[in-house]
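Can you make the complete structure from the sequences, with help from the hints?
Protein chains in written order, with our numbering: chain A, 19 to 355; chain B, 19 to 355.
One should not assume that every hint holds.
Which copy is meant is left open, because identical chains are indistinguishable; a pair holds if it fits in one copy or across any two.
Said to hold, decoys possible - Pairs of lysine to any residue, SDA-like flavour, derived with a Cα cap of 20 angstroms:
hint: 1; residue 1: K265; residue 2: E283
hint: 2; residue 1: K255; residue 2: L109
hint: 3; residue 1: K73; residue 2: L33
For the record, the hints were derived by calculation from the structure and aren't laboratory data.
There are 2 protein chains.
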Amino acid sequence: MTMTIPAGVQIARDLVGPSIAAAVARLNPAVRPVAEYHLGLADVTGKPVEGGAGKALRPALTLLSARAAGAPAERAVDAAAAVELVHNFSLLHDDIMDGDTERRHRPTAWTVFGIGPAILAGDAMLVLAQDLLLETPPYGVWAARCLSAAVQRLIAGQGCDLEFERRDDVKVAECLDMEADKTAALMACACSIGAIYTGAPAELVLSLAEFGTGAGLAFQLADDMLGIWGTPEVTGKPVGSDLRARKKSMPIVAALTSGTPASEELAALLGQPEQLTEDQVARATWLVEQAGGKDQTEAMAAKALDGAFTALGRAKLPDDVRAELCGIAEFITARQW
Amino acid sequence: MTMTIPAGVQIARDLVGPSIAAAVARLNPAVRPVAEYHLGLADVTGKPVEGGAGKALRPALTLLSARAAGAPAERAVDAAAAVELVHNFSLLHDDIMDGDTERRHRPTAWTVFGIGPAILAGDAMLVLAQDLLLETPPYGVWAARCLSAAVQRLIAGQGCDLEFERRDDVKVAECLDMEADKTAALMACACSIGAIYTGAPAELVLSLAEFGTGAGLAFQLADDMLGIWGTPEVTGKPVGSDLRARKKSMPIVAALTSGTPASEELAALLGQPEQLTEDQVARATWLVEQAGGKDQTEAMAAKALDGAFTALGRAKLPDDVRAELCGIAEFITARQW
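Rendered as structure tokens:
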């Protein structure tokens, strides 16, 4: 199934992109080039480049969140920029921790500028995001607290993810918590912070956050599927990359804890110290399926998306905004594998 | 000259320590042990230890800053905790960037827990500091913005410091800017945030910040002197450690840019690729002195401290608070070498 990018995502890019660029331009010259490179605003030499900062999914959700509260999208531009800056802060630091050398088809920032400058640029983007919000009290202060809470969960999720790599007894419930922290929390923030920032009532904010939690979890679970069954054309990575990296993503955890003969063979395969051969990756993929890892993950994703739609159904918001939110949720969870 | 620790520093430790411990206890279990270890609240296994978080100089200044505004010290405890958390966030991340393996006579956090968890724990402490302040609007919001601005300068200073290590043409003015960013900005924040947090008028806030800038710069310059002439008993490091590490601290930059025969010989010595021998360290130390690096740095430190006292002289504040602020400024700039 192929889907076209929702119109709101392109609109968000056009609307929020300049705000992100202006905010980053405030940073000190000692860290600014790293941030601009990471965000796709500049090349290694600092020369401006076209294109820029990623998919703008989160900014699109934030602008819709403001519209859900009856405010024009334009009023939430700084909140959307803050969410995108935090998302990029986490990518920048995660790339260092995970030792990843490529992102968005370019070398990661730490491989180009060094670990020190990359840590600092991430720190600077995090503080900048909070500052953008604090400039417009009183609602900006509530928005900043919403963002802080999301960042703490994001950090906790990444911490658990790192810890899981060293463990072989990860449970499904723990894995679900980790994914809720790592991905769904910031998505819930993106979906509600626009409403907070424009002074919406708590009832609407909570429904939007619940929608974001469900959609974010479904998105992460879909991403987990891509990590095993995604084709290189879609993921930009070799087939079965999460199995090669022995990640504890949901399909793998669900399979390992299924108590089937397939789970035992899978554990033995992933427990060996050597790199997996192509044949072993194929066998492990088959074992994950046999042990029900794929079916369980699909079912969890469907349930999470269902919860998102139910929460949205309860909320009072304009019909066009509801339709656009649903469209984005469907788009981000319907990636091919 | 030996000086006893000012009473206010011990009081701050007793008053602010529990607030820091309570704040850190809120962190997720995935990062909390790293933060508690780094802060000296727990050992590697998570067992609580006596003693705790460093010298508490900054918290002492923040409590005095509240008292300068006529508020009881107790009212600024959370602001003092926030400043100390930010100071420790920066130490934690700097240790990774600088590859330092020892701090406060213990292995650094990244060597114990790994780079990933150490980056995350630093991020978490930074966000926690902001959160502590945002919990008490309206002044907490102003305090949070004061802290953000200090963090951005701290990041810029560390960025320049990293860059200077790779350069051999650093100027005195650049070095002074770097030290103002890296050390004086957070000290200025520590000296004024207690007043901001308790609703003091802008005039007092600005004088206190100016005092902190001067005292902070003098402190850093004194620290630069210790890095060259400090005895191992005082610094815990071998004699001449900054020369061995080819740091671009002020005495070295001042010497290198003095245009004297000594500066040329020093440049040649520090430019050689091999590690310096004991004799070469001794020779380099003598050359820094010959080139006027020590005298110039001492003069700059005296001037900065003078500026601090002048700013304090202009401010309207209780006499006992003024005396205590002066006492701490003298204490932190009168370290032995």
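20 angstroms Cα threshold - placement of L33 relative to K73: Within one copy only: 13 angstroms inside a chain, 47 angstroms across chains, cut-off 20 angstroms.
Copy assignment of K265 with E283, given that the CA separation must stay at most 20 angstroms: within (17 angstroms within a copy, 55 angstroms between copies)
Homo-oligomer pair classification [L109, K255; C-alpha up to 20 angstroms]: within (17 angstroms within a copy, 36 angstroms between copies)
Violated hints are absent here; each numbered hint is respected by the structure.
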